[in-house]
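*Asks:* Sequence:
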Amino acid sequence: MRDDSIQVQETKGSSGASIQIQHLNKTFGAGPSQVQALGDINLDIRPGEIFGIIGLSGAGKSTLVRCMNLLERPTSGKVLVEGRDITQLSIRELRRARQSISMIFQSFNLLMQRTALENICFPLELAGMKGTQAREKARSLLKLVGLAERENAYPAQLSGGQKQRVAIARALATDPKVLLCDEATSALDPSTTQSILELLKELNQKLGVTMVVITHQMNVIEAICHRVAILDGGVVAEEGNVADIFANPKSAIGRQFVYPDGVQIPKLTSTKVVRVVFNGGSSYEPLIASLAIDCGVKVNILGADTRNIDGKAFGSMLLGLPKDEGEAGKALRYLRGQADITVEEVPADV
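Using the working numbering, the final residue of the sequence shown is 356, and nothing's skipped along the way.
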């Protein structure tokens, strides 16, 4: 989730966005039954970054990613890859362009009658590479994804995580500049999901490949993405750096993703309640302990939804302040004097 890798990519001569989506619309059907899946989407995805697209089911995220390589053709608008509008390409030109825009799927999409090695060789064969050279490259890719010893295994002999590693290796076979990941970890258990996310992050850093990650899970965005767009009803509800979205989600759907369980405020009759929002300060600063030590004021933690991202604290906490107005005022002044947090009073009878 750090921006330094993006800056490195841009200083190597990259100019503009790796992918630009301009006024993209997608409708299905016609007449009274027509459904608009995407409405006026505008996104700039920078070279070398991991860009997340998140939304609930039916938000249009999978349709959007399929429009990026024209598996779904937009009804209107432009899709520019390295400055070239791929919606204007001929079938032959598009086939060639797709070699630089690979995709991995939730269901892996491996050829069951081929071994892991042969699955990776398949796109190389289609590109005209000779068999010996294709196998040599496929073996290097299997090693890259940590499956060198499984080259002769068929998909039925592989775990879900291993299948996805083969799928990732296959997607990298044509040396793509862009890797589209459509719910790539949704079918995996949490431990395997984490290992696949670590692999994607490592490949992004090693190869500099731009990644677009489609997901409905905010923990995936939190784990590897630099920036994120949140879709709601086929439109972009908000977009920005992941840290900024976690610190201050501006849309209702953004708050739903960042705080999925909401924050329950118990019924209080006399205690003042404040919400403290952490905006990226050090997660190792003991705020509540410091309040007690520095001010001699004790507060009650009524609820919290915080997380540690790269050593920085994001999220919010509800605090019940003392009944005594003087003590409560002292606590409020102390909290408002701290960097990287915002403080707001909330009604106690919500």
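Simulated from the structure, these hints should not be mistaken for lab results. Please note that a few of the clues may not be correct.
Across the chosen pairs, the derived CB separations fall in these ranges [unchecked claim]:
1) Lys84 / Gln344: 20 to 28 Å
2) Gln163 / Lys212: 22 to 30 Å
3) Asp50 / Leu77: 19 to 27 Å
4) Tyr340 / Ala103: 51 to 59 Å
5) Ala310 / Gln211: 50 to 58 Å
6) Gly343 / Ala154: 54 to 62 Å
7) Ile299 / Asp330: 15 to 23 Å
8) Gln119 / Leu77: 21 to 29 Å
9) Ala298 / Ser165: 43 to 51 Å
10) Ala36 / Ser165: 41 to 49 Å
Every residue gets a Cβ at the ideal spot worked out from N, C-alpha and C, and that includes glycine.
*Asks:* State for each hint whether it applies.
*Replies:* Quick rundown of the hints versus the structure:
no.	hint	verdict
1	Lys84 / Gln344: 20 to 28 Å	violated, 46 Å
2	Gln163 / Lys212: 22 to 30 Å	holds, 28 Å
3	Asp50 / Leu77: 19 to 27 Å	holds, 21 Å
4	Tyr340 / Ala103: 51 to 59 Å	holds, 58 Å
5	Ala310 / Gln211: 50 to 58 Å	violated, 32 Å
6	Gly343 / Ala154: 54 to 62 Å	holds, 56 Å
7	Ile299 / Asp330: 15 to 23 Å	holds, 19 Å
8	Gln119 / Leu77: 21 to 29 Å	holds, 24 Å
9	Ala298 / Ser165: 43 to 51 Å	holds, 49 Å
10	Ala36 / Ser165: 41 to 49 Å	holds, 44 Å
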